[in-house]
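Undergrad: Chain B: place on chain A using the hints.
Protein chains: 2
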Amino acid sequence: MLNEELRKKGERAKEAAFLLSTLSTEKKNQALSKMASALEEQQPKILAANEIDMAAAEAKGVGKALLDRLALSAARIKDMADGLRALVALPDPVGQVEALWKGAQDIEIGRMRVPLGVVGIIYEARPNVTADAAGLCLKAGNAVILRGGSDALHSNIAITEVLAEAVLASGLPDGSIQLIEDTSRETATQMMKMNGYLDVLIPRGGAGLIRSVVENATVPVIETGIGNCHIYVDSAADLQMAEEIVINAKTQRPGVCNAAETLLVHEKVAGEFLPVIAEKLLQCGVELRGDDLTRKYISVVKAATEEDYQTEYLDLILAVKVVGSAEEAMEHIRRYGTKHSEAIVTENYSTARQFLQKVDAAAVYVNASTRFTDGFQFGFGAEIGISTQKLHARGPMGLKELTTVKHIVYGQGQARK
Amino acid sequence: MLNEELRKKGERAKEAAFLLSTLSTEKKNQALSKMASALEEQQPKILAANEIDMAAAEAKGVGKALLDRLALSAARIKDMADGLRALVALPDPVGQVEALWKGAQDIEIGRMRVPLGVVGIIYEARPNVTADAAGLCLKAGNAVILRGGSDALHSNIAITEVLAEAVLASGLPDGSIQLIEDTSRETATQMMKMNGYLDVLIPRGGAGLIRSVVENATVPVIETGIGNCHIYVDSAADLQMAEEIVINAKTQRPGVCNAAETLLVHEKVAGEFLPVIAEKLLQCGVELRGDDLTRKYISVVKAATEEDYQTEYLDLILAVKVVGSAEEAMEHIRRYGTKHSEAIVTENYSTARQFLQKVDAAAVYVNASTRFTDGFQFGFGAEIGISTQKLHARGPMGLKELTTVKHIVYGQGQARK
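Respectively, the protein sequence lines represent chains A and B.
So the first sequence is residues 2 to 418, counted in this note's numbering.
So the second sequence is residues 2 to 418, counted in this note's numbering.
I should point out that these hints are in silico values taken from the structure, not numbers from a laboratory.
C-beta: ideal position from N, C-alpha, C; glycine also.
Please note: incorrect hints may appear among the correct ones.
To be verified - Mimicking SDA-like on lysine to any residue, the simulated pairs with C-alpha atoms at most 20 Å apart in a straight line are: (1) B:418 x A:255; (2) B:359 x A:114; (3) B:418 x A:248; (4) B:35 x B:114; (5) A:194 x B:215; (6) A:103 x B:384; (7) B:359 x A:23; (8) A:194 x B:216; (9) B:418 x A:317; (10) B:401 x B:62; (11) B:103 x A:103; (12) A:401 x B:114; (13) A:359 x B:27; (14) B:65 x B:255; (15) B:103 x A:248; (16) A:303 x A:285; (17) A:401 x A:194; (18) B:401 x B:216; (19) B:418 x A:315.
Stated by the list, open to error - Some chain A residues well away from chain B (every beta-carbon gap over 10 Å; in silico): (20) 22; (21) 155; (22) 280; (23) 378; (24) 379; (25) 396.
Claimed, not checked - Covered stretches of chain A (chain B as the covering partner; in silico rule of three or more C-beta atoms under 8 Å from a C-beta of chain B): (26) 189 to 203; (27) 380 to 392.
Pulled out of the complex, with its shape left as it was, chain A reads as follows (with noise of 0.2 Å):
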């Protein structure tokens, strides 16, 4: 049984999700332009409710690297509002109709996008996904519920009223941006099982908080995040490539799902490029942790064990593994990935085609950094996570996943023979 708080979210979300359906996307732009301003007039009132998360995280003792997630400041608040107005300037999915042809007895078929309906949010400490989600949602169509951390809970309050108040103030349905303020663990989980008010689940956060979502949810859920990614360096590769690729993969920004976590030497190029690679990496200030092979090139840290293979390190520490060939890389990445992305460096024209067809991952690369999986770097102008599940949308989500289809059918009295 649903809480009180959930079951009338639940309903007025509905209720909006139906009136943001049909509404033009001029109506739906200029809330969004309301809602940047409101969020950069109203930057007192959050930084205010900041401060107050601020200060029990410090008093709580979280990490520099939490306390940095949550930290709001003028300038986060404006990125912030620039990404609602980033948001205008997109192309509106809904009512794109797809396709359009001819069924039994000439009935004429459509492929129509519309909104999902209700989008549940569940993430952890960062309050500006609030607005982030919330902007992409309304875009899109639908009435989002947000449920975020705890330890975020004032900040979040304050950019959801910010925000709700614009949106109404626009003349959109109160309820299209609602956050759930009672942040318990049994309230996250009755979140998970809204049938019949959420049409999907999508979680972003850590690996605890995505498996706990899979477990108990039974609203559909779209998987995010998790992300251990390898990079292989071909016998054929171009060596200097292969080392600005690995450099950018692991150090450009090692807290990301998109990181890489293992590096991959063919045995041919081992003796030459292990060394090279090394001594950037450690430059770099990234820790090494390598098979007996490895070893023989270039002294790491420590031997990688199965757990460093399996791990999603989301810090500058690296795996390292020397293969005999492209299909023993493959058989590793098969074996120990999480089909989130996966890059090949080579100049071979058949071992890159053969990575491209066999590796099943929601990106596969040929000489280029894995870090590119993401929306605003694969062109779509927005994401609102990257599914690492194959059902719906994998990776990079932009607006168009925050959409589904349905088939408008246009007869002339046609009956079934």
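TA: Using the frame of chain A, we list chain B on its own:
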């Protein structure tokens, strides 16, 4: 924890899926042809197994409708074989690149269709689903794990054995087509939690089965089938056309999900339309249940209750309601519909457009019978089921819906800035 049968079959399916994913279309088509011939050649074996199931079902005293669904014959086996042969002619979705565009720094990104991996199908009495589902999954490059009802166990074992032998003889991996022979409820529940093995689970059957899957599954699910479908006869309807559509949608095959369950009639035409349609429906053996207004125009078997409007009869029963406007009809559909198939009969341009826009369902019709919501009628050439959820696929699902995408990225050494 998974039992031994599920774990073993899961492992074999995963291995098979990996090999199937890169198989040429020709190889898959050869296997489908062999499967079709094998069904015909081994007809005696299949019919003998079916006799065991039929005798047991008769002894148990199961109803006539179920017995009919369970029964196989030479003609039904030929239909199954022809169904497999029809798949040969269909285009292979795997490997198709739907779009290729430039992302940041001119990385080239292609969206390529790839198999889902391992598909689980959980279904009830009809043994022909075994061959249909196996063929569809194979053509789309997936391994399949089937779990049929206990009543059809011997038939399903025989069919699966015949198909699996043919697959193996075609050089495809064993493990491509497997049946779970333990038909206990516990094993079914375990199957719903085969995370790491099943990429998707598709239930095909009645409301009870689908509810059980939605509640228990931790693997991604595609909900199918429940259809509380409406026909709304507008004040501007061509009443002759409305008559044909209502008769067709209700009586052409009442036991299926796209048959109509409720008739909504605009009050302006109720006096003219209801007596005529009521007589025709009575001639077809349809029992009518109507609201107060309806009963002013025609006599019905009983007054329609709240429960009637909620019920998917799957039978020759039709609930009737007179409405004051198209808005009231849409409101009724929004309240009671299951978002499957909804139809309006009207010659009014604006009303037709509003109905198409505002009614949220897998298929929304103007001037055609809801019975067209079907993979064959839609021109897909095949159907694994009709999705009534919003994620991944909505409406009839053919081969394409049994695939997902991966992004293939061609670079020239790009690193993220």
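Undergrad: Compare the structure with each hint and give your call.
TA: Structure-based check of each hint:
1. B:418 x A:255: holds, 14 Å
2. B:359 x A:114: Satisfied, since the Cα-Cα distance of roughly 13 Å is no more than 20 Å.
3. B:418 x A:248: holds, 12 Å
4. B:35 x B:114: Violated, because 25 Å separates the two Cα atoms, which is more than 20 Å.
5. A:194 x B:215: Holds, because 10 Å separates the two Cα atoms, which is no more than 20 Å.
6. A:103 x B:384: holds, 17 Å
7. B:359 x A:23: Within the cut-off at roughly 7 Å; holds.
8. A:194 x B:216: Answer holds: residue 194 (chain A) to residue 216 (chain B) is near 9 Å, not above 20 Å.
9. B:418 x A:317: Given pair residue 418 (chain B), residue 317 (chain A) holds - Cα atoms ~18 Å apart, limit 20 Å.
10. B:401 x B:62: violated, 41 Å
11. B:103 x A:103: violated, 32 Å
12. A:401 x B:114: holds, 17 Å
13. A:359 x B:27: Within the cut-off at roughly 18 Å; holds.
14. B:65 x B:255: Within the cut-off at roughly 16 Å; holds.
15. B:103 x A:248: violated, 23 Å
16. A:303 x A:285: holds, 18 Å
17. A:401 x A:194: The hint is violated at about 25 Å.
18. B:401 x B:216: Not OK: residue 401 (chain B) and residue 216 (chain B) at ~27 Å, beyond 20 Å, violated.
19. B:418 x A:315: holds, 19 Å
20. 22: The claim is violated: residue 22 (chain A) sits with its nearest Cβ about 7 Å from chain B, within 10 Å.
21. 155: For residue 155 (chain A), whose nearest Cβ neighbour in chain B is about 33 Å away, the distance exceeds 10 Å, so it holds.
22. 280: Answer for residue 280 (chain A): holds, closest chain B Cβ roughly 18 Å.
23. 378: violated, 4 Å
24. 379: Per Cβ check, residue 379 (chain A) is inside 10 Å of chain B; nearest 5 Å; violated.
25. 396: Its Cβ does come within 10 Å of chain B, the nearest being 5 Å, so this is violated.
26. 189 to 203: holds (count 3)
27. 380 to 392: holds (count 4)
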